[in-house]
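Asker: With chain A's structure known, arrange chains B and C on it following the hints.
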Amino acid sequence: MLGNLSTPELSALLALSPSIDQIGTLERIARIQARSIKGAAKIQGLRMALSMIDLTTLEGKDTPAKVRQLCFKAQHLHDQAPDLPTVAAVCVYPTMVGVAKKALGASGIKVASVSTAFPSGQAPFEVKKLDTLYALDHGADEIDMVISRGRFLAGDYQFVYDEIAAIKALCGAARLKVIFETGELDSLDQVRRISDLAIAAGADFIKTSTGKIQPAATFPVVHTMLSAIKDHFDKTGQMIGMKPAGGISSSKLALQHLLMVNEVLGEAWLTNEWYRFGASSLANDLLMQYQKQLTGKYQSAAYFSID
Amino acid sequence: MSNSTWNLEPSLESVAQVQIKPQYELFIDGKWQAPLSATYFATVNPADEKQLSQIAQANAADVDLAVKAARAAHANVWSQLSGAERGKYLFRIARLMQEKARELAVLETLDGGKPIRESRDIDIPLACNHFFYYAGWADKLQEAFPGQQMEALGVAGQITPWNFPLLMLAWKIAPALACGNTVVLKPAETTSLTALKFAEICQEAGLPAGVVNIVTGFGDTGAALVAHPNVDKIAFTGSTAVGKQIQKACIGTPKKVTLELGGKSANIILEDAPIDQAVEGIINSIFFNQGHVCCAGSRLFVQESIAEQVLAKLKFRLQSIYVGNPLDKNTDIGAINSKKQLETIEKYLAIGLAEGAEMYQPECTLPSQGFYCKPTLFTDVAQSARIAQEEIFGPVLTIQTFRTMEEVVQKANNSPYGLAAGVWTANGARIFGLSNQLQAGVVWANTYNKFDPTSPFGGYKESGFGREGGRHGLSAYLKFSN
Amino acid sequence: MEILKTYKLYIGGQFPRTESGRTYPVLAADGSHVANACLASRKDVRNAVQAARKAQGSWAGKSAFNRSQIAYRIAEILETRKVQFITELLEMGLEKQSAEKEVQMSIDRCVYYAGWADKYQALISSVNPVASSHFNFSSPEAMGVVGIVACQQTALLGLISQILPIIIGGNTVVVIANTQQPLCAISFAEVLATSDVPGGVVNILTGEVGELLPTLAGHMDVNALSLAPISTELSIAAQEAAVDNLKRVRIYTEPLYVKSAQGLTYISDFQEIKTTWHPIEQIAGGAGGY
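Protein chains in written order, with our numbering: chain A, 1 to 307; chain B, 308 to 789; chain C, 790 to 1079.
One or more hints might be untrue.
Stated by the list, open to error - Lysine-lysine pairs mimicking BS3-like chemistry, simulated, CA-CA at most 27 Å apart: (1) B:681 with A:38; (2) A:230 with B:786; (3) B:718 with C:1048; (4) B:636 with B:757; (5) B:646 with B:636; (6) C:885 with B:718; (7) B:447 with C:851; (8) A:235 with B:622; (9) B:786 with A:252; (10) A:129 with A:73; (11) A:230 with B:622; (12) A:42 with A:292; (13) A:292 with B:636; (14) B:407 with A:38; (15) A:38 with B:636; (16) B:622 with B:718; (17) B:636 with A:42; (18) A:297 with B:636; (19) B:786 with C:1048; (20) A:252 with A:38; (21) C:908 with B:786.
Stated by the list, open to error - Stretches of chain B that chain A covers, calculated by requiring three or more beta carbons in the stretch to come under 8 Å of a beta carbon on chain A: (22) 313-324; (23) 687-699.
Unchecked claim - Some chain A residues judged to face chain B by a derived CB distance under 10 Å, without partners named: (24) 24; (25) 25; (26) 36; (27) 41; (28) 42; (29) 186; (30) 190; (31) 231; (32) 258; (33) 302; (34) 306; (35) 307.
Worth flagging that the hints you see were computed from the coordinates, not collected in a lab.
The structure displayed is predicted, hence computed values, not measured ones.
Every residue, glycine too, gets a C-beta built ideally from N, C-alpha and C.
So that you can see chain A by itself, here it is in the shape it has in the complex (with noise of 0.2 Å):
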C-alpha cells in the first residue's frame, strides 16, 4: 500500500522542513539545561518521567523468563515507596509481545513492540509486514518500527514514506512510533526532513533510535524532533508523540529532556500519551533520586531491584 502524498507532493512538503542550525540548537539547549529543578517540581518531574518509561529488553538472548521479570518491575517499580505510578509499556521483540501480555495482564501497561526487522530495517517489506502483523496478533498495543536508513540516504524518500505509511494501514488502533536511529543520519537537517516525512505518512510517535547505535537520544536531535512536531501541531492542530531512546540514563538527564518538552511543546505533552523514555536503566536512577528527594539521604543501587 502507498501513502496518499505523491512524490511531487512529498518533494513540496519536504521543501517546507526549515534548515536547522546546530550551534544554535546547542544554545537553546544550553538555556534549558541551566535550570534548577528542585523540591515539589523535582519530585513531580521524577514521578512524570517514571510513568513515561518504556522498560525495555531487545536482546538476542531475551527469553520468556526475562520478559516476565521485566513485566513485574515494571508494575512494581519500588514497593517500599508508596503511590509510584507504573511505566508506560514494556518494549520487547515482536517473538516475547504474548509474554508481555500475557504477565502484564490488566495493569494497564502497554505493549510495545519493535518491528520491521529490527534494528537495521534491512529486509525486505514483505519480511516487515509479517514482522508487524505478528507482533499485533499477539497483541502488541504500539509497534515501533524503523525507517529504512539507507533508502532515507540514498534519497528515496517516496520508499521511505510508503513504508511507514503501509505499516500504519496495518496497525490499526496499535499506535505507530517510527524509529529513525539519528545516530545513523547525517546532519540536523536530516533528522528534520526524516521528522517531518514521518508525520506525514501517519506516525504517531517518532522516535530517536534503536538503542543498538551511538549516539542515540542526543538533546540537538530531539530538540529538532520536538521542533517538527510543534510546526506540525501549529499547521494542524494534531499532536504527535515524542519518544527518546537510547543514552538517557539518569535522572538529570530524563528532567533536562522533560523541560525541553515543556518549553518546546507546551505542558500538554506531559504525559505518557505523547511522550515516553525508551530506557532500560533509567527506571532505577528516578527512582533513587526520588527516594532522595523524599528522605535526604542518597541512595544505594543494592536496595533497588535491577529487574
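Answerer: Chains B and C alone, transformed into the frame defined by chain A:
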C-alpha cells in the same frame, strides 16, 4: 498519568559569600580614601529597592588626587616595568577574579539587577577572560604593530556604564594596563560595587599603588575626569548624547578619545533562515540583560512570507521566559537597573501605543517590589516611529516586515547608529552579501549577542569609534609615531 | 595673445562653475595674474557631498584589484602630463628641481598606493579565535564619504598624499584644495577624469577653507575628515562641527609633502573595522574553532 502544569520552584543563589561593606571610600593611590567632597550616595538593589551600601561621591578635587596618583604611578612604576612584568600582574588579577567569580556574579546581580544566570555564565567569565587575554599582549606590542614605534599614552580616564559593570571595566582596564597606561575609572553610579570589589582584587594582587584608581560618583565626577588637563586618554561607554559632550570637551586637547555608544541594531530574518534558532536569536538579541545592551537587536526585520510564523513562535517562546528575582537561577529577565530607566522604558511603551503600534506582553506576574518590565513586542511599527528609531534600552522589540533584501538593507542602515546587526539565513553567499552591506561594527550571522575578548567590538556612525577587544583594541591605548 | 584657462570645480565627474558665480584670481609667485579659479560656495559643498555619496557604494563595491588598477592608471596619466604640472608649479614659484621632484614624488605616491589597494586588508584584518563554536573575523571597510582639507603648503604632493590612501580604501572624497595654489588640484581633476576613476569618487572644490570647511565639517552625510595643517581656530571649529554626527577626524600636524608621509596608517585611519560572527557546525565531534 494526566498532564499537569509543571512550574519550577524558585532556586535562589546564595548571597552568603558576598561581603558588602556598609560604606565605600574612593580607591586612590592603592588606598581607600574618604572623599574630599565628604559626600556619599546610596546604591540600591533594583530587585527589591533596598539599600546595599553607601558610596563615596568624588568631586573634582578627588578626581585630581586620583589623576595625580595615576600620573605618579605611570612615571615612577608602571612605565618602568617590562611588558612581561605588567602582563604578570594582569594574569594574577585574572586568576583572582576567577577565584572570586561566584562572589562577583552575585554582587553584580545584587547591584545591577541582571539574572544570576547571566552574571555567572556570561559577565564574570568574560571579564576574567578579558584580563587573561590582554595580559598576554603586554609583552607583544611590537609584534602586534610591526614596523611602528609606539608608547603608552599615560593616564587613561575611563567611564563605564551600568549595563555590564565589571565586564566593561575589564574591557577598559585590561588593554589600558597591558599597553602600559595607568587608569582612573569612574563606574556608573548605580553599579559601583563590582568596581570597588575589583579595587580590593588589585590590592590583593599587589598591583602597585596608583596604577588603578576608582573614583565613584555621578555625571559630574565623569565630567571632571574628562576635563582634567593631565589625563591623556578618555574611554567612554554610554549614551551617544554624553559621548558627544565628551568628544566636544576633548577638542583642542591632546587627549585621545574612544567612544562606545548607543545603537538601534537591526536583526534580519530571511525566509530561508533556520527558523527556530532565529527565534531563539531574537530572544537573545533583545531580552539579554533586560535589553540593557547597546548592541541589542531592538529592530527586528522579518521577511513577509514568514512573518506570521515567526511572530507566533516568538509569542509562544515568551511563555517560557521567567521574569523576576534576579537571584533565582531560573530567571531569564531580571530587574530593570534603576527606577529612572524603568520610567524611560515605560515612557516608550506609551509612545509606541500612541504611535498606533500593537503591543504584546506575555502573561506573567511581576514582583511587587523592585523595578520590572515585561518582555514586550511591538508589531505594526513604522520605520518612522520613535520606538523604531530611538534607543529604548529595555526589553522592547519593534517588529517590521520586509519583502526584498534591498529594502531591508536600506531600512537597517536608515539610522544614525551603526553598532551591530543580525542576519539569519541558511544561504552562505547571502550572509556575506548582507554582512557587507550593513553599516555596523559587528555582524552576527545566525547568532546574536556573542562577545569574546579576542573579537573587536565597536560601532560605525553615531555608535562611536574605536574598537575594544582583539588586537585592534590595543590601538586605543597606544601612541604611535612613524 | 595667450589664452587664459578657466579653472572650474570638479563635482560628480563634471567640471561645473561654482553655483555662486564667483571667481578669484590665482596669482603667480611674481604677482602676475595666472588664471581665475572658482570661489566655491556652501552649495557647491552640498553638491559635492551628494555626488560623493552617490558614488561611494559602487566604488567600494569594485574589487580591490580594480581600484588598484585605477590608481595605477592615475599614475600613468599623471606621467603623461608631467610637463603641465611642472609648469604650474614653476608659476607658483618653485625652483625647477623642486617642481620636478614634487611631480615625480606625486607619481610615485600614486603607484605606491595603487599597490596597497588590495593588500592593506590582509594586514589589518584578523581571524579571531573566539572561545565558542564560531568563525569570527574582522576586516576593514571604507568609512564612506571623507572630507579633505588639502595641504596648503604644496599644490600637488600633499593633495595626492591625502586623496590616494583614502580612495583606494573604497571611500569617496570631497576636497577643499590649496586656496592659494589651486591650479594643480584642478589639473589633477582632469587627470582623474581621464583615468577611469568613476565620477563622484573625487570631488574638488577651490575657494576659501574658512568658508567651505564649516559646511563640510557640519555636513551630516560626511563620515570623516582629513585635515592638513590649518589654523587652530579653523581646526577646532571643524572638530566641533564634526561632533554632531561623530565624524572620525584625522588631524595632520606633520607635513604631508615629505617622503615619509605615506604608509598603512594613512589608509587604516579611514577604515572601519567590521567583525562578523558565524556558527561552526561541529561535525562528528569536531572542534568548532579556527
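Asker: Compare the structure with each hint and give your call.
Answerer: Outcome of the hint check:
Taking the CA atoms of residue 681 (chain B) and residue 38 (chain A), the gap is about 25 Å. The hint holds against a cut of 27 Å. At roughly 57 Å between alpha-carbon atoms, residue 230 (chain A) and residue 786 (chain B) are farther apart than 27 Å, so this suggested pair is violated. Distance hint between residue 718 (chain B) and residue 1048 (chain C) is unfulfilled; the C-alpha atoms sit about 45 Å from each other, more than 27 Å. For the proposed pair residue 636 (chain B) and residue 757 (chain B), the alpha carbon gap of about 21 Å is at most 27 Å, so the pair holds.
Restraint check for residue 646 (chain B) and residue 636 (chain B): the C-alpha separation of about 23 Å stays at or below 27 Å, so the hint holds. Taking the CA atoms of residue 885 (chain C) and residue 718 (chain B), the gap is near 55 Å; set against the 27 Å cutoff, the hint is violated. Proximity of residue 447 (chain B) to residue 851 (chain C) is assessed by CA-CA distance (about 36 Å); at most 27 Å being required, the pair is judged violated. For the suggested pair residue 235 (chain A) and residue 622 (chain B), the alpha carbons sit about 16 Å apart, so the restraint of at most 27 Å is met.
Distance hint between residue 786 (chain B) and residue 252 (chain A) is unfulfilled; the C-alpha atoms sit about 54 Å from each other, more than 27 Å. Restraint check for residue 129 (chain A) and residue 73 (chain A): not satisfied, since their Cα atoms lie roughly 31 Å apart, outside the 27 Å limit. The hinted pair formed by residue 230 (chain A) and residue 622 (chain B) meets the criterion: a straight-line CA distance of about 14 Å does not exceed 27 Å. For the hint linking residue 42 (chain A) to residue 292 (chain A), the alpha-carbon distance of about 11 Å falls within 27 Å, and the restraint holds.
Annotation: proposed proximity of residue 292 (chain A) to residue 636 (chain B) holds, straight-line Cα distance about 22 Å (limit 27 Å). Under the criterion of a C-alpha separation no larger than 27 Å, the hint pairing residue 407 (chain B) with residue 38 (chain A) is consistent with the structure, at around 26 Å. Restraint check: the Cα-Cα separation between residue 38 (chain A) and residue 636 (chain B) comes to about 11 Å, which is no more than 27 Å; the hinted pair holds. Restraint check for residue 622 (chain B) and residue 718 (chain B): satisfied, since their Cα atoms lie roughly 24 Å apart, inside the 27 Å limit.
Distance restraint check for residue 636 (chain B) and residue 42 (chain A): the Cα-Cα separation of roughly 15 Å lies within the 27 Å cut-off, and the hinted pair is therefore satisfied. At roughly 24 Å between alpha-carbon atoms, residue 297 (chain A) and residue 636 (chain B) fall within 27 Å of each other, so this suggested pair holds. Taking the CA atoms of residue 786 (chain B) and residue 1048 (chain C), the gap is about 21 Å. The hint holds against a cut of 27 Å. Note on residue 252 (chain A) and residue 38 (chain A): the hinted pairing holds, with a Cα-Cα distance of about 11 Å set against a maximum of 27 Å.
With a C-alpha separation of about 24 Å, the suggested pair residue 908 (chain C) and residue 786 (chain B) falls inside the 27 Å cut-off, and the hint holds. Restraint check on the segment 313-324 of chain B versus chain A: 5 residues with Cβ-Cβ distances below 8 Å, three needed, restraint holds. A stretch counts as covered by a chain when three or more of its residues have a beta carbon under 8 Å from one of that chain; for the segment 687-699 of chain B and chain A the count is 0, and the coverage is violated. Among the interface hints, the one on residue 24 (chain A) holds; its C-beta lies about 3 Å from the nearest C-beta in chain B, closer than the 10 Å criterion.
A hinted interface residue such as residue 25 (chain A) counts as satisfied when its beta carbon comes closer than 10 Å to some beta carbon of chain B; here the least separation is about 6 Å, so the hint holds. Evaluation of the residue 36 (chain A) hint against chain B yields a held restraint, the C-beta minimum of about 4 Å falling below 10 Å. The closest approach between the C-beta of residue 41 (chain A) and any C-beta of chain B is roughly 5 Å, which is under the 10 Å cut-off, so the hint is satisfied. For residue 42 (chain A), the shortest C-beta to C-beta distance to chain B is roughly 8 Å, which falls under 10 Å, so the interface hint holds.
Annotation: residue 186 (chain A) was flagged as interfacial toward chain B, and the flag is violated, the nearest CB pair being 16 Å apart, outside 10 Å. Interface hint at residue 190 (chain A): violated, since its Cβ lies 14 Å from the closest Cβ of chain B, which is beyond the 10 Å cut-off. Satisfaction of the interface hint for residue 231 (chain A) is found here, the shortest Cβ-Cβ separation to chain B being roughly 8 Å, below the 10 Å cut-off. At its closest, the beta carbon of residue 258 (chain A) sits 7 Å from a beta carbon of chain B; the interface hint therefore holds under the 10 Å criterion.
For residue 302 (chain A), the shortest C-beta to C-beta distance to chain B is roughly 29 Å, which exceeds 10 Å, and the interface hint is violated. Interface restraint check for residue 306 (chain A): the shortest CB-CB distance to chain B comes to about 24 Å, outside 10 Å, so the restraint is violated. At about 23 Å, the closest approach between the beta carbon of residue 307 (chain A) and any beta carbon in chain B exceeds 10 Å, and the interface hint on this residue is violated.
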